[in-house]
Amino acid sequence: VLQFFGTAECHFINGTEKVRYMQRYIHNRLQFLIFDSDVGHFVGFTPYGEKWAQAANSHPQWMEQRRTAVDWYCRNNYKVFTP
Numbered sequence: 001v002l003q004f005f006g007t008a009e010c011h012f013i014n015g016t017e018k019v020r021y022m023q024r025y026i027h028n029r030l031q032f033l034i035f036d037s038d039v040g041h042f043v044g045f046t047p048y049g050e051k052w053a054q055a056a057n058s059h060p061q062w063m064e065q066r067r068t069a070v071d072w073y074c075r076n077n078y079k080v081f082t083p
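For what it's worth, the UniProt record's numbering labels the leading residue of the sequence shown as 1, then goes sequentially.
If you're looking for bench data, these hints aren't it; they were derived computationally from the structure. Every residue, glycine too, gets a C-beta built ideally from N, C-alpha and C. Be aware that one or more of the hints could be misleading.
[Unchecked claim] Simulated restraints, written as ranges between beta carbons of each label pair:
| hint | residue 1 | residue 2 | range |
| --- | --- | --- | --- |
| 1 | R20 | P83 | 15 to 21 Å |
| 2 | D71 | R24 | 18 to 24 Å |
| 3 | T7 | H59 | 17 to 23 Å |
| 4 | V1 | D38 | 32 to 38 Å |
| 5 | N28 | Q61 | 19 to 25 Å |
| 6 | K79 | T46 | 35 to 41 Å |
| 7 | W62 | H27 | 18 to 24 Å |
Required output: the full structure, derived from the provided sequences and hints.
So, in structure tokens, the structure goes:
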């Protein structure tokens, strides 16, 4: 069975004072690519993931959208994510 999926995560510390946005990409139970807003770019964990990271990091508009996701995705939806 072939599996490929991605997740988008928001990690909140002290309400919205410190927010971390992460995107993870997994292929057959192996995480191969991640974006971490604290790092500011994609990082590959396999040769395949390194190619994806290089390609993704070379697109300024797409990277700007990822870097600002802390505000438009996480902080904007904070009340949805919290009980």
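Here's how the hints hold up against the structure:
no.: 1; hint: R20 to P83: 15 to 21 Å; result: holds, 20 Å
no.: 2; hint: D71 to R24: 18 to 24 Å; result: holds, 20 Å
no.: 3; hint: T7 to H59: 17 to 23 Å; result: holds, 20 Å
no.: 4; hint: V1 to D38: 32 to 38 Å; result: holds, 33 Å
no.: 5; hint: N28 to Q61: 19 to 25 Å; result: violated, 30 Å
no.: 6; hint: K79 to T46: 35 to 41 Å; result: holds, 37 Å
no.: 7; hint: W62 to H27: 18 to 24 Å; result: holds, 20 Å
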